[in-house]
Structures are given as structure tokens and as C-alpha cells.
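Build the full structure now, drawing on both the sequences and the hints.
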Amino acid sequence: MAGEAKLSHTAAMILHTIDAGFGYGFSIMETTGLPSGTVYPAMRRLERDELIASQWEKQSIADTEQRPPRKYYKLTRSGKATLKAAQERYPLLVRLVPERKAEHA
Amino acid sequence: MNVFAPFHSERMHVALLHAIARLAPEARREEWLAEWRTELWHAWHAPSPRPEAITAFCLGAYRDALWLRNNNPLPRFSGPLRIDDRPDFPDPPPLAESRFLESPASCLMLLGFPAAICIVLSLLLSTSRHAGAPPFSAPPFSAFLVVFAVSWLIVPVTTRVSLGDYPSNSAWPRRWIFFAAKIALIVPSVVLGAFVIASFGDSSQVPIWPQCAIWIDFWAGHAAIRWALSDQRQRCPMCLRRLAHPVRMGDHSRILLEWNGTELMCLRGHGMLHVPEEPAVWFSKPRWLQFDPSWSRLFPTPKA
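The listed protein sequences correspond, in order, to chains A and B. With the working numbering applied, the first sequence corresponds to residues 7 to 111, in that order. With the working numbering applied, the second sequence corresponds to residues 190 to 493, in that order.
No lab work stands behind these hints: they were computed from the structure. There may be inaccurate statements among the hints.
Cβ pair distances, simulated, as ranges [unchecked claim]: (1) A:Thr82 - B:Tyr251: 19 to 29 Å; (2) B:Leu299 - A:Asp69: 32 to 42 Å; (3) A:Thr82 - B:Ala242: 27 to 37 Å; (4) A:Pro104 - B:Ser442: 46 to 56 Å; (5) A:Tyr96 - B:Leu445: 28 to 38 Å; (6) A:Ala59 - B:Thr451: 53 to 63 Å; (7) A:Ser66 - B:Thr451: 46 to 56 Å; (8) A:Lys90 - B:Arg200: 40 to 50 Å; (9) B:Arg211 - A:Ser66: 25 to 35 Å; (10) A:Lys90 - B:Leu487: 45 to 55 Å; (11) A:His15 - B:Asn261: 48 to 58 Å; (12) A:Glu71 - B:Ala245: 22 to 32 Å.
Using N, Cα and C, we set each Cβ at its ideal position, and we do this for glycine too.
In C-alpha cells, the structure reads:
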């Protein structure tokens, strides 16, 4: 069901950016160039539709890097299937976002 | 010099996020704020941060909070209605009514408090300023009573005076006694309150002071009777407690085919009140629907 869902270009771009390894809101915003008022509500929608899932990183990791803990987003199984369908629909999507895998555990 | 520079500081951005957080649903507000504060930290610690751009970034939180507010599922209801065993039954919204007005006793106590204060104060003022004369014998007092009566005369022009369409049963004397008690407490609060206000002011320094007190008497009296009528309509005719869980029904455009208005329910399970949005010839007054015993399964407290 979720794999068949059609995404807007913006949502597909955000999904692709998360899959490329940009896991938290500000990095997604910087990478896509979209304004915060677009990115965050879109991520809430994607999370509500169970295409992405969020998780706070451990405090110890944040302490080591001397910054507040980040809330990371990652694709769910249905999110990966939806992204695959979106990439077929928007073939240029993969060129928009540089690859940066394994930013977080 | 940029006069807006102080508005682009990190402290102002944090304050802005705290203000916008009020829009987010309470249950998710703390986490929402934590996430945005983290994001703000990253915005300030990005290579070559621009304060104006970060302000714009923070303003985006407004849309995010608004989205959360509009898409927030209703919280679980923990009131007396038992619907936990019915997963297909939607949760009603939480109670919004004031607990001070919910029961008839607490409502009368709440009205009695200002009435008692006004009676005591006006007695003290009346005896101290007009020593030897009977209480409330000063000329303005009768004027306050007359103005108060006039304020009630215009009530039918500004609102409905009908209390609704209720089945005749043994509870009607209680209903009218409660209404009369409310009125009996409102009268001293308003009339003596205006009398006290007029007595406190010095009309030699502020010549319009007595007129102000008269106007306060007029509008407060009018508002008080409107409230008394509205409050009475929103009470269960059996237990006199405030009805709850208002639900909008129907559609304006189908007024000729079906009714549209609001349904309110007694949390003790006595019945439901249908209040029409637009009075029609076949449905002009609020109509009470008495529940039969089959409904009692949904309500844990036995009917009074």
C-alpha cells in the first residue's frame, strides 16, 4: 500500500535525502535547499504515513561531540519501496542529492 | 546601523521558538521544542551563519507547529463514559467546561460569593455615609433597581428566552428552583455591586462617576440574565449538571431535509440535548432526549 503511494517532488526529494544519509532536519534542509517551513511539516507527514521513522540519538554521543542530541530520521521498509517508485517517476532525483551514507549508526 | 539586529540574536530565536511552541499540541510540545532547539543550535553553528536567515529558519517552525496542531489525534478520554471496550467507537473530546460551574451546588456557591461581598460592602457604606437612615435609602439605590429592571426588559430582543423543550417529569420543580436561586444571587451582585461602585467614587472630582455606575448596572444586569438563561439551557434537566461533549451535526445547506445543530450529553447518562443551529418551524427550541436504561451500560455511575 505505502509502496504504491505517489509522492510530491518535494516529499520525494526529502525521502531521497534521508536515504542518502542526511539524517536530521537541518542537514536535510541544507542539502535540499528547501525552507524550514516546508521541510519539517513534510517530514511529519512522511512519519505519519510510516515512510520514515525518527529516533533521538544517545546523549553520550552528543556529549562526545559537544552538541545537543539530534533527532535522526531513517526510511522504513515501506519508505524504501515508495522511494524506489518515486525515483522511477522522478529520474533526475538521484542527481540532486549527493551521497553521504552512514552519518549515524 | 541595523535597528532589527537585536531581533536576530540567538536569545531572540529561542524566545521565538518558545512562543511558537504554544501552538504545538501539549502532549508533543516538549519534544517538538527540543527538536527545534537542537536544529537552532546547528543553524547557529553552521559554517558562516547569517542571523537573518536563521530568523527565517525559526519562522518556519510556525508552519511545523501548525501542522502538528491540525493533525494531532485527540487524547485518550479519561472521563466517566466507558468506551474502552469499544475500539470502533471514537473518543469524545475532553471536557472543556469549568469545574466550578459543573455541579448546581458549586455554581450557586460561586454566585453566592460575590453576592455576599456586595451585600456586606453596601451595608457598611450605606450605614457609614447616611447615619441614622435605613439601609439603602439613598436616592441612587432606587435608580439602580429601575435600571436593572430595564436591562432585563430588553433581553427578549437580544436573545432567546425559551429554556427548551423538556418532557414533563418530577424534576421540573428542582429545575425552576435552581434557576430562581441563580437569579436571586445575581440581583444583589449586580445592583449592590453598582451601588458600591457609585459609593466609592467621588462625584465632585469625577462628575460622570454615578452615570458610569448606572451603565455598569445596566450592562452587567443584561449580561447576567443572558448567562443565567444560557447556563440553564446547557444543564441536564434531571441532575442539573452541565452537559458536555458538544458535537456538531448536520449541514447548513440541508436545513429543509434534516436538522443541523449541536448535540450535548449528560455525563451521568440521563440523556442528550439537541440544540438547533437555525430555528425551524418544526424544530425551534432545544429538545431533550431522555435515555432509556439500555444506555446505562456506557455510564459507570447509576442514574440519580
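Now the hints, each set against the structure:
1. A:Thr82 - B:Tyr251: 19 to 29 Å: The hinted range 19 to 29 Å holds for Thr82 (chain A) and Tyr251 (chain B), with Cβ atoms some 28 Å apart.
2. B:Leu299 - A:Asp69: 32 to 42 Å: violated (53 Å)
3. A:Thr82 - B:Ala242: 27 to 37 Å: holds (32 Å)
4. A:Pro104 - B:Ser442: 46 to 56 Å: holds (53 Å)
5. A:Tyr96 - B:Leu445: 28 to 38 Å: violated (49 Å)
6. A:Ala59 - B:Thr451: 53 to 63 Å: Taking Cβ atoms as reference, Ala59 (chain A) and Thr451 (chain B) lie about 40 Å apart, which means the hint is violated.
7. A:Ser66 - B:Thr451: 46 to 56 Å: holds (54 Å)
8. A:Lys90 - B:Arg200: 40 to 50 Å: holds (45 Å)
9. B:Arg211 - A:Ser66: 25 to 35 Å: holds (32 Å)
10. A:Lys90 - B:Leu487: 45 to 55 Å: holds (48 Å)
11. A:His15 - B:Asn261: 48 to 58 Å: violated (27 Å)
12. A:Glu71 - B:Ala245: 22 to 32 Å: Distance hint for Glu71 (chain A), Ala245 (chain B) holds at roughly 27 Å.
The structure shown violates the earlier hints numbered 2, 5, 6 and 11.
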